[in-house]
Amino acid sequence: MDEEYDVLCDIRGDKCPMTYIKARITLEDLKPQQVMLVLIDYAPAVDNLRRNFTMEGQQVYGIEQVGPGEWKLRVRKLTA
Amino acid sequence: MTLSEEQVLRYSRNIVLDQVGKRGQIRLLNSSVLVVGTGGLGSPVSYYLAAAGVGRIGLVDGDVVDLSNLQRQILHSTRDIGRQKVFSAREKLLALNPDITVSVHQCMLSEENADALVGEYDVVVDATDNFAARYIMNDACVRAGKYMVHGSIFRFEGQVTVFGGGGPCYRCIYPAAPPPDLMPTCAQVGVLGAVPGVIGSIQALEVLKILLDAGRTLSGRLILFNGLSMEFMEVEVQPDPGCPCREGTRDAVARPTYNGCQKGNRG
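As they're listed, the protein sequences go chains U and H.
Residue numbering for the first sequence follows this note's numbering, beginning at 1 and increasing consecutively.
Residue numbering for the second sequence follows this note's numbering, beginning at 1 and increasing consecutively.
Simulated from the structure, these hints should not be mistaken for laboratory data.
A hint or two may mislead.
[Stated by the list, open to error] If you only want the chain H side, here are some residues facing chain U, beta carbon under 8 Å, derived:
| id | residue |
| --- | --- |
| 1 | L9 |
| 2 | S12 |
| 3 | I15 |
Backbone N, C-alpha and C fix where the C-beta goes; we use that ideal spot for every residue, glycine too.
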């Protein structure tokens, strides 16, 4: 079983900027300290999400490639 | 209410703003704004409100499109000459954003219809070009407790402010209209089309801020714009304790106690 998370944001099939927009919309509903697991299959989105959410003061961690052309990462909501 | 995939993409540049987000966008989609006048100011105002996803826009205008309008009234095209402005405007707004509703009121704002029209919407935009309509609109907004986002233009100059929300109303600042003979109309004095573009864009921004409850509105502040010297001046404007709007009841601003919009209704 995967490490715990509060909400899953599956943006496989999406490209930028929709990847970030959808992840952001999903994060909006989380309470502080809750975690969003993001599934991605668009390579540039991995770094974009990491940079964007980090700049916004959220904690991005657990970035890993889970298959050919597929990644996951976690975002812990720190600031509203 | 949730946002569709298409709405997320259409409004993505709104949604990524901290002051908007998903909740703010849904709020805009559930909002309604009455734009009185679909000319030089009403064009940019309603265009930006439609683009932003304000769910229902009401347009009030009884005029038809004239060739001389087109140098500034960017909602209308050459092929619209002779058409009712509200229908020409609705067509453009829905072409820009079919996600919204545009209600047309093919009439001039009057003492008879103002309360009913204003009552239907969350915020009212003054995009008119005459004092009579402004006093009627102001009084209806005061009675209904609605914001009135005011803009006006004159040659290379313009002004913009927000009435309501605890700040002054139009009558607090202008208790009485100047005599008609002293006031040239735009047709007489001219105006460069980009001037209403500037003022109308500010009005649209103020409306969106009010709807989103974001930032600091122009309530209590009047912006005076000079396009020739390219200067913005801010003047503090305060409620007039003697103004009928201060008495605090809807009935305080009585219906036509003033004389044909030429005089204030005090004293």
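Structure-based check of all given hints:
Look at H/L9: its Cβ gets to within about 6 Å of chain U, closer than 8 Å, so that hint holds up. Annotation: interface hint on H/S12 holds; nearest CB of chain U at approximately 4 Å, less than 8 Å. Annotation: H/I15 was flagged as interfacial toward chain U, and the flag holds, the nearest CB pair being 6 Å apart, inside 8 Å.
The structure agrees with every numbered hint stated previously.
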